[in-house]
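Chains as they are written, first to last, in this note's numbering: chain U, 1 to 85; chain R, 1001 to 1683.
These aren't lab readings, by the way, just hints derived from the structure by calculation.
Possibly wrong hints are sitting among the right ones.
As the list claims (entries may be wrong) - Sample of chain R residues with no beta-carbon within 10 Å of chain U, all distances over it, derived:
| no. | residue |
| --- | --- |
| 1 | Gly1130 |
| 2 | Leu1206 |
| 3 | Gln1214 |
| 4 | Asn1219 |
| 5 | Asp1274 |
| 6 | Lys1350 |
| 7 | Glu1410 |
| 8 | Ser1433 |
| 9 | Ser1471 |
| 10 | Arg1524 |
Said to hold, decoys possible - These stretches of chain U come out as covered by chain R in the derived footprint (C-beta under 8 Å, 3 or more residues):
| no. | segment |
| --- | --- |
| 11 | 39-50 |
| 12 | 65-73 |
Unchecked claim - One side of the interface only, derived from the structure: several residues of chain R facing chain U at Cβ under 8 Å:
| no. | residue |
| --- | --- |
| 13 | Ala1315 |
| 14 | Gly1362 |
| 15 | Ile1369 |
These numbers come from a predicted model, not from an experiment.
The beta carbon of each residue, even a glycine, is placed where N, CA and C say it ideally should be.
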Amino acid sequence: MATYAADDVSLYRLPVTESLLEDIGLDVETVCADQSIENLRRYPVLTEGGWFLVIVNQNTLEEIHRCQWRLLGPIELLSHGLDPC
Amino acid sequence: MGDRTAKWQSRGKDGKEALRRQSALVRDDRLQNGMTCLRYLDEAAFAARYATDRFAATIMANRMRYIVKHMSTVLLTTSFSMILREWYDFAATISGPPHLNYPMCTSSDSLSIFTFTMGDGVRNIVEEFGVDNIRPGDVLIANDPYRIGLHVNDVCFVRPVFYRSKLMAFVTVRAHQLDMGGTVAGGFSGTKHNVYETGLVIPPILLYRDDKPQRPTFNLIFDNARFGDLILPDIKSLYQSLLLGERLLIETIDKYEEDAFLGAINYSCDVSADAMRTAIAERIPDGIYEGEDALDCDGASAERECRLKVRIVKAGDRMEFDFSETSRQAPTSINCGPLDVKAAVGVAMKMLVEQEAPITSGCFRNINIVLPPGTFVSATPPHGPIFMYWEASFVIISAIYKALAGALGEDAVGPDFGSMMVHNGSGTWPDGSPWLSVSNCGGEHGPWSATKAGDGDSYNVNHTANNLDPSTEAIETDVPAVVLRKEYVTDSGGPGCYRGGAAVKRDTLWLQDGDHNTTALHTRSPAGVGVFGGQSGTAQACWMHPAGKRSLKENASCLLIDDAAFHDHCEPVAGIFNPVSKRADLNGEFFYFGSHPAWHLETGSGLRFQTGGGGGWGNPLDRDPAMVLHDVRDEYVSIEGAADDYGVVIRGDPQRHPEKLVIDHEATDTLRHKLRSEQQGKR
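In isolation and in its complexed conformation, chain U is listed as follows:
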């Protein structure tokens, strides 16, 4: 049986911080040269290739970064509990 990861609603349109950009390997200076960090948000999207976690400029839809998210998006399988920690 699948279940739903209840905390996922909090993942939507999170503000982006400089430390987050650094953590994912982006150059803060370069990113912020053309735009305000205030315009950036991070959230999961469904698109070609499945679910991705993206950082998007909310004014231009320009994608600053994307990485693959969970295979089933917000759905987690209880059987994942069988995996060794």
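Once you have looked at the hints, place chain R on chain U.
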């Protein structure tokens, strides 16, 4: 896009490596395809990207379409259940290998709402099962809506295709199985309360290994599903369809070599991506667009509306569809899941802005969908059950149509009849054997709205499908019913310069006792809304006509001939009715489809379903009076409707002397002048 994304990469080596690891193949693919349209690639650049020349890539792409067509033909001509052989309720696709991230490069002609889910579905099935665990001769299956979209009856059959021991592709068929267990025979019901009631959920498991059937899997299905004697030969037909697809695909790889074949897979997806990106950039102005539509209610409460809200942001060549403000998930089986939303967005974009390129996973390259969990279009298990998923899909499509109608202007498209109002009936024959009728005798087929190209068709499948309508002969052979009527309803199509398709009235007389239900979810307002100045069609409705103590012949007469007697005896099932006359009336009372999980009807009872009407396109006062005359002659429009809706005055008797009808031009000019003044006054 690729260049712009690359700009933000960290200058540090470690940062770049971390980014490379985090980012998926899809992102690299975007980088490769960047902003360069395929048509501008020279031969050298094309060969570098696809490991083949443009001509060979096109040949292989066409050959893959030929393969899925033949896979479909095998299934259509050899399957046994009516849902496959008469409804064409299946689709076939080809997907690329894991190292390309399973690009779905080819899809069959039938249900687009299936094919748009199948690319992700194949990935999710194979990844969960384990790429390293599959081998030649395998067939994997799954049907979990939360893993692969749609509903449990739509089982996905996946066949890996190996060439010289390398995994090169997958051929896949997604096909509706007649039954998958659960509380309702056939499954079609909007009143089931959780995933345990909707039916057997199959995770990714083996159906065949080394081309040998896996008996535990077959037993799992037949121990839970009804009508196994029909499902077994259907699955055998499905297996043969996959074998044919595999053989033809291996022949293709053998002829063109591996790298060129993989190049053709990427090329096929890039063609769709390029076409969609160009259409987005050129046909929709930058901006924010909002639209909404709603299901009347769910299957537990007549009062709980399910409202879908979409906020579309379009900037340059990209679009984002955000469904965050949509109603919470319903406690009954009228929900759908995220892959169904993706499919609905794909259908809407194909209907509205890009019709030239084939359906592939590349259609979504420049489209992001934002969809928090727990809405009625992103339902979660176990208490957000999914079965009647298409009803939710329809309101997604309708909301997108409405949101973009202003931006598209004369290219706007109105929704179809909006709710399939599926009928599900079951019972037993006199010898005790069961019968089942699914999606044959309700409001499953109906009209489309008009477009700038002309009047809306009045009898069609919905916008998400491209399958068949079961023949009356097939229905009456398999099911104890007589199809008494499939008839267009006068004055039901939305008025417009081009008229919306007419609502369809369908009557059936039942020859055995049985339990019946329907899920009518768009009765409170017309689904077929008008665009570009056109007006809406009528709303849907359903009645039953209990047998009472009348003979079979008398009941048939009530349904067919004696309208007054029908309304004397009938009981409204779903819709808005005048409670006294029991005729459909949007100013009347709401009758709730979920008031009974099922209605038991005795032999001789009847059912009447009336679909919604399609919406009109353009100002009805601009319709050519000669076309209105034809409409009156053909009973799409009454003489009163011609005057009230179109300002056209027709003289004569359409019933007795249809060829002697004439237009009163002078009266028409006067009436149209008056109606135009009223229109301008309202503005």
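Verification of the supplied hints:
1. Gly1130: Check passes; 12 Å lies beyond 10 Å.
2. Leu1206: About 17 Å separates leucine 1206(R) from the closest Cβ of chain U, which puts it past 10 Å; holds.
3. Gln1214: For glutamine 1214(R), whose nearest Cβ neighbour in chain U is about 19 Å away, the distance exceeds 10 Å, so it holds.
4. Asn1219: holds, 20 Å
5. Asp1274: holds, 13 Å
6. Lys1350: Label holds. Min Cβ-Cβ 15 Å, cutoff 10 Å.
7. Glu1410: Check passes; 27 Å lies beyond 10 Å.
8. Ser1433: holds, 34 Å
9. Ser1471: Non-interface label stands for serine 1471(R): nearest chain U Cβ at 38 Å, farther than 10 Å.
10. Arg1524: holds, 29 Å
11. 39-50: holds (count 8)
12. 65-73: holds (count 7)
13. Ala1315: Cβ of alanine 1315(R) sits 4 Å from chain U, so the hint holds.
14. Gly1362: Check passed: Cβ of glycine 1362(R) comes within 6 Å of chain U, closer than 8 Å.
15. Ile1369: holds, 4 Å
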